[in-house]
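Residue numbers (this note's numbering), protein chains in the order written: chain A, 1 to 368; chain B, 1 to 635.
Simulated from the structure, these hints should not be mistaken for lab results.
Careful, some of the hints might be misleading.
Said to hold, decoys possible - Derived pair list, reagent style DSSO-like, types lysine-lysine, alpha-carbon separation capped at 30 Å: (1) A:Lys75 to A:Lys135; (2) A:Lys135 to A:Lys153; (3) B:Lys139 to A:Lys227; (4) A:Lys225 to A:Lys321; (5) A:Lys227 to B:Lys493; (6) A:Lys225 to A:Lys290; (7) A:Lys321 to B:Lys138; (8) A:Lys317 to A:Lys342; (9) A:Lys252 to A:Lys153; (10) A:Lys97 to A:Lys135; (11) A:Lys290 to B:Lys493; (12) A:Lys342 to A:Lys290; (13) B:Lys138 to A:Lys360; (14) A:Lys317 to A:Lys360; (15) A:Lys97 to A:Lys134; (16) B:Lys493 to A:Lys258; (17) B:Lys138 to A:Lys225; (18) B:Lys139 to A:Lys317; (19) B:Lys139 to A:Lys290; (20) A:Lys134 to A:Lys153; (21) A:Lys73 to A:Lys97; (22) A:Lys26 to A:Lys135; (23) A:Lys227 to A:Lys290; (24) B:Lys493 to A:Lys321; (25) B:Lys493 to A:Lys360; (26) A:Lys227 to A:Lys252; (27) A:Lys351 to A:Lys290; (28) B:Lys139 to A:Lys258; (29) A:Lys66 to A:Lys26.
Stated by the list, open to error - Beyond 10 Å from chain A on every Cβ pair, some chain B residues (computed): (30) Asp54; (31) Ala70; (32) Asn100; (33) Gly180; (34) Ser188; (35) Asn224; (36) Val233; (37) Asp236; (38) Gln251; (39) Asp321; (40) Pro350.
Predicted model, so just to flag it, every value in this text is computed and none were measured.
Beta carbons are placed, not taken as given, at the ideal position from N, Cα and C, and that holds for glycine.
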Amino acid sequence: MKNITMAALYVALGLVAFKSAQAVEKGPLLISEVPSGQVYSDSDITALKNQDIEDYKGSSSNSLTKDYLLYAKVKATAVSNLTDAELSFLNQASEHKATAFQRHPEGPIAVPVFDVASLAKHKLFMADVNRQYKKLLPLLHSDPASFAEMSTKTPAHTQAAKQLLERTASEKNGAVSSGAITSTVTNLLVDNYRNSDSQSSLVLLKALVETTHNYTAAEAVLTSKHKSPLKHQLLESLDGYFSDSEQEALLKQLITEKSELASQALIKYGQLPVSTLDADILYRTLSDPKLGASSALSIARLFESSPDYAQVMEHLKANQKSRVATANSLLVLKLTNSAGSKAALQDILNKDYIQFEDMKVEVSSWLN
Amino acid sequence: MVKLTACMVTSALVFMSGVASGEVLNYTENSSSSNQLAIGYPVPTPIDSLTAVDGFRTYDSLHSQHQSLAITHAEVRSSVIGQTHNNRDIYVYRFGDSDNQTNDGLTESAFLINGTIHAREWQSPEVVTELMEQLTEKKNDQSVVEYLLENTNIIILPVMNIDGFLQTQRFPTQVTQSPGTNAGSTPSQKFAEPRDGRMRRKNMPNVDEVLSTEGDRLRGVDLNRNGTSFFGVQPDNSVPNSLIYGGASAQSEPETQALLAAAQLGPRNRLRFYQDTHSFSRVLFVPQPNNSQRNTITNSLAAKFQSTTQAQGANYFPVIDQVGSGIPTTADYFAYTDLIPTWTLEIEPPQGFSGEPNGGAFYGGTGASHSGFIMPDSEINRTRNQLAPAQILMFYHQAGPAYVKEVMLVDSDGNDVYSATWSSGATRSLNVATNNTLEGGESYSLYVSFNKPMRIRNSAGNIAQYTGQSVSLSPTVTITGNGGSGDFTRSVKATNSSWLNQDVDGFTFSQYHDDAFKVDFTLPTDIPVSATTGTTDISINISAEDLAGLELDANPATAVDWSGGAWTNYENSNGQAGINGGTDSSYNLRVSNQNLTLSEPQSSGGGGGSTPLALLVLLGLFGLRRFNRFNKGSD
Numbered sequence: 001m002k003n004i005t006m007a008a009l010y011v012a013l014g015l016v017a018f019k020s021a022q023a024v025e026k027g028p029l030l031i032s033e034v035p036s037g038q039v040y041s042d043s044d045i046t047a048l049k050n051q052d053i054e055d056y057k058g059s060s061s062n063s064l065t066k067d068y069l070l071y072a073k074v075k076a077t078a079v080s081n082l083t084d085a086e087l088s089f090l091n092q093a094s095e096h097k098a099t100a101f102q103r104h105p106e107g108p109i110a111v112p113v114f115d116v117a118s119l120a121k122h123k124l125f126m127a128d129v130n131r132q133y134k135k136l137l138p139l140l141h142s143d144p145a146s147f148a149e150m151s152t153k154t155p156a157h158t159q160a161a162k163q164l165l166e167r168t169a170s171e172k173n174g175a176v177s178s179g180a181i182t183s184t185v186t187n188l189l190v191d192n193y194r195n196s197d198s199q200s201s202l203v204l205l206k207a208l209v210e211t212t213h214n215y216t217a218a219e220a221v222l223t224s225k226h227k228s229p230l231k232h233q234l235l236e237s238l239d240g241y242f243s244d245s246e247q248e249a250l251l252k253q254l255i256t257e258k259s260e261l262a263s264q265a266l267i268k269y270g271q272l273p274v275s276t277l278d279a280d281i282l283y284r285t286l287s288d289p290k291l292g293a294s295s296a297l298s299i300a301r302l303f304e305s306s307p308d309y310a311q312v313m314e315h316l317k318a319n320q321k322s323r324v325a326t327a328n329s330l331l332v333l334k335l336t337n338s339a340g341s342k343a344a345l346q347d348i349l350n351k352d353y354i355q356f357e358d359m360k361v362e363v364s365s366w367l368n
Numbered sequence: 001m002v003k004l005t006a007c008m009v010t011s012a013l014v015f016m017s018g019v020a021s022g023e024v025l026n027y028t029e030n031s032s033s034s035n036q037l038a039i040g041y042p043v044p045t046p047i048d049s050l051t052a053v054d055g056f057r058t059y060d061s062l063h064s065q066h067q068s069l070a071i072t073h074a075e076v077r078s079s080v081i082g083q084t085h086n087n088r089d090i091y092v093y094r095f096g097d098s099d100n101q102t103n104d105g106l107t108e109s110a111f112l113i114n115g116t117i118h119a120r121e122w123q124s125p126e127v128v129t130e131l132m133e134q135l136t137e138k139k140n141d142q143s144v145v146e147y148l149l150e151n152t153n154i155i156i157l158p159v160m161n162i163d164g165f166l167q168t169q170r171f172p173t174q175v176t177q178s179p180g181t182n183a184g185s186t187p188s189q190k191f192a193e194p195r196d197g198r199m200r201r202k203n204m205p206n207v208d209e210v211l212s213t214e215g216d217r218l219r220g221v222d223l224n225r226n227g228t229s230f231f232g233v234q235p236d237n238s239v240p241n242s243l244i245y246g247g248a249s250a251q252s253e254p255e256t257q258a259l260l261a262a263a264q265l266g267p268r269n270r271l272r273f274y275q276d277t278h279s280f281s282r283v284l285f286v287p288q289p290n291n292s293q294r295n296t297i298t299n300s301l302a303a304k305f306q307s308t309t310q311a312q313g314a315n316y317f318p319v320i321d322q323v324g325s326g327i328p329t330t331a332d333y334f335a336y337t338d339l340i341p342t343w344t345l346e347i348e349p350p351q352g353f354s355g356e357p358n359g360g361a362f363y364g365g366t367g368a369s370h371s372g373f374i375m376p377d378s379e380i381n382r383t384r385n386q387l388a389p390a391q392i393l394m395f396y397h398q399a400g401p402a403y404v405k406e407v408m409l410v411d412s413d414g415n416d417v418y419s420a421t422w423s424s425g426a427t428r429s430l431n432v433a434t435n436n437t438l439e440g441g442e443s444y445s446l447y448v449s450f451n452k453p454m455r456i457r458n459s460a461g462n463i464a465q466y467t468g469q470s471v472s473l474s475p476t477v478t479i480t481g482n483g484g485s486g487d488f489t490r491s492v493k494a495t496n497s498s499w500l501n502q503d504v505d506g507f508t509f510s511q512y513h514d515d516a517f518k519v520d521f522t523l524p525t526d527i528p529v530s531a532t533t534g535t536t537d538i539s540i541n542i543s544a545e546d547l548a549g550l551e552l553d554a555n556p557a558t559a560v561d562w563s564g565g566a567w568t569n570y571e572n573s574n575g576q577a578g579i580n581g582g583t584d585s586s587y588n589l590r591v592s593n594q595n596l597t598l599s600e601p602q603s604s605g606g607g608g609g610s611t612p613l614a615l616l617v618l619l620g621l622f623g624l625r626r627f628n629r630f631n632k633g634s635d
């Protein structure tokens, strides 16, 4: 029985992992194609949800109520320690076809009111995450190498390992709290994940940064060869984990290497304390065709607290022949959007510092 | 009792003054509780980056990027076309050269793309910004984009509902509960119609930026119900707290006025296409005013948009409205008022497709209510790239059908035999500079150029279909005439490789890569001629579909334009104006065939003549000799 249960679970997980990106020839279901008895208004749906669910149980009901009750039952199913009956129920629910529809607010297509199947699939996935969590938990301290290997096996393993790491208290300043992972374990995990450099390992490296503030882990995420939203999210929250000088080093590296994070890194760089950042980097980058505009925004934000329009004007005058440098110097003043920056732009026009006619026209439009 | 009454009065006053607190709810990846809803993947938060990221950029970053494009590229100009309720400048960007004339001296056509009318639809500004970026990145492509920039006016309003969009970005994971619910309601009830914060849809008149303020969180006007066409047609359009409240009157909102101002930059009477960019559902909602020609063109255009996306693994399905029915959307407004192709583009995830999960479940999420508005960070980059080519093809199509600009025939010695060029302007004349008599059996090069790029190439440099399209890649050339006793037709074999993107034997493209072709041929010797003069008049007939499958304007003498919902002066092969083009047969030449001794030409139709057998043999020998000589000469 257990084997059958497991097989069913894996089938369900396969369904969860499936993400449809295939083009289909058939269009969406039109509201005119749905039997009128299965189409419901917003007020029908609101009235249903505002009733106590117990009122509906046991009574004969329409398709909206049936879908709602099924949805509510799936939602209420706890994923820890699923019984065979619950598993069977979720598997069945994961195949459910909606029978209650409402009209799309913008056009004549029919939209299912409750997505029972997707919620059931997610429940099955989370059930597997729970199971893997229990297997990974003892390994984290006793056999971290196996933990590292196992944690990237499937999406459920990775999710479980991530939860485990997030819940594990961090070691800080040498004081180890209950359940904390030691620096030895952390370093071993970081090494493993950095070497494997997969999408899954990025998830776990980021979790390690968040729990242990490990610099090497952050560096591994940010310089990974994979594109991933996690890199951008980590970069956005860097100041929560590292000192100003550590941030400065990481950001400078990303800017210098012109990675896909460079624009974001430049903006973050400008947010460092003035005592830490090297403003020359921002001004130098103004001449970069790809990153100059990011520098312009970074400098404009610096100007919110300490404007230095003269320096921008000097930069513009010194680079008058460069379209990119001129454009981005002007952009600094445009994005600063203060009385002082507007006066500086007017001064630039009056003194004819701009050599490109189209830019003169654009700047004039800014000032009108 | 006095205390209780005082307390109730105080509560009522607090509520009326709008400072009572609404319950703040959270979207999470996997946790659900009374005030949390799991969507099954990380909830995106906006990123500060001017360049595109795997995720969604902050409004400040997007705006800075737009401004950067405007100051850096001469082909982009920004304008402030109004202010939001909260006094933020609304910007529009015009893409094109600085004049309003096409290369041929016609007034440019214009297209309007609107983005972010609904605040919570974060896919919209990203997709529109990608289009803006590609138009500048490819501005020197010597192909489609360069053609568009030189011959059309593309107007893009990337973020119309700035106040609302900023509110969603201020609270990227938070919302307030459905109207009529409270802390004691079930999560299903509270999340059924989440409002404000990440799920704000409407604009922000008299709305503060504090999420928990109860008194104002339902306020705002649905800017996509504020149009004059069908204003108030839906019952909830007149309910101020409704998500689809249309406002006190049609076009009452400053953001709507800004959109109208953007359209004026076309100028309005040159508009030929409008798209309002929304999410989600992965469809096009296509309005159908009572104008059959306009609807035929629009629906064909929508099908081409769909096939472009299908070729890239998506399927933006056109959902065609019933004729004459609609709601007060901006797409309906421009469709009914301007009689141009319009639609509401609903970016993915899909919704309502059989066999495909809906909303966030499409990405493996829980399918929670409204999760389709929260696309995972990892999906937007692909989506941006899938939609840009489809939108560019729409512009290319609506710029108008191609026409022949120049026809030239050169003999094997390099001498011009025929040379004709159409003049510029709305009414054109064919200026024939050279028109010498051709000779049967002689070899010639035919060169034909058009007013727009007719083909593109793949990375290997070979002629290829525009993404997802299926047009006849080879041009078709025939020679027709009448030698005195009947019509004849001879085909000149042109192929894909006849198109020119570089110099070939002294012939090259005209203005854009592959806007011209050259084909070498030997004039058949079985052309019947007059027994009296030894010559016959012939026509060269040219047909070709452009990248979007539009046939040629068969009569370039009258320039194609758009009016009343359809093309004007767009003639087919029979010279009839309508919505289909055809074969251009404007090029009249004369052929002598002095090597033949036909007394009475017998040829008729397209298969060649019934010349006596002996003559055919002689002719064959003669042709063979000529062929050999030509080949030796070319060694």
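Please name the hints from earlier in the document that this structure breaks, with their numbers sorted from lowest to highest. Hints 4, 5, 9, 10, 11, 15, 16, 22, 24, 25, 30, 31, 33, 34, 35, 37, 39 and 40 contradicted; others consistent.
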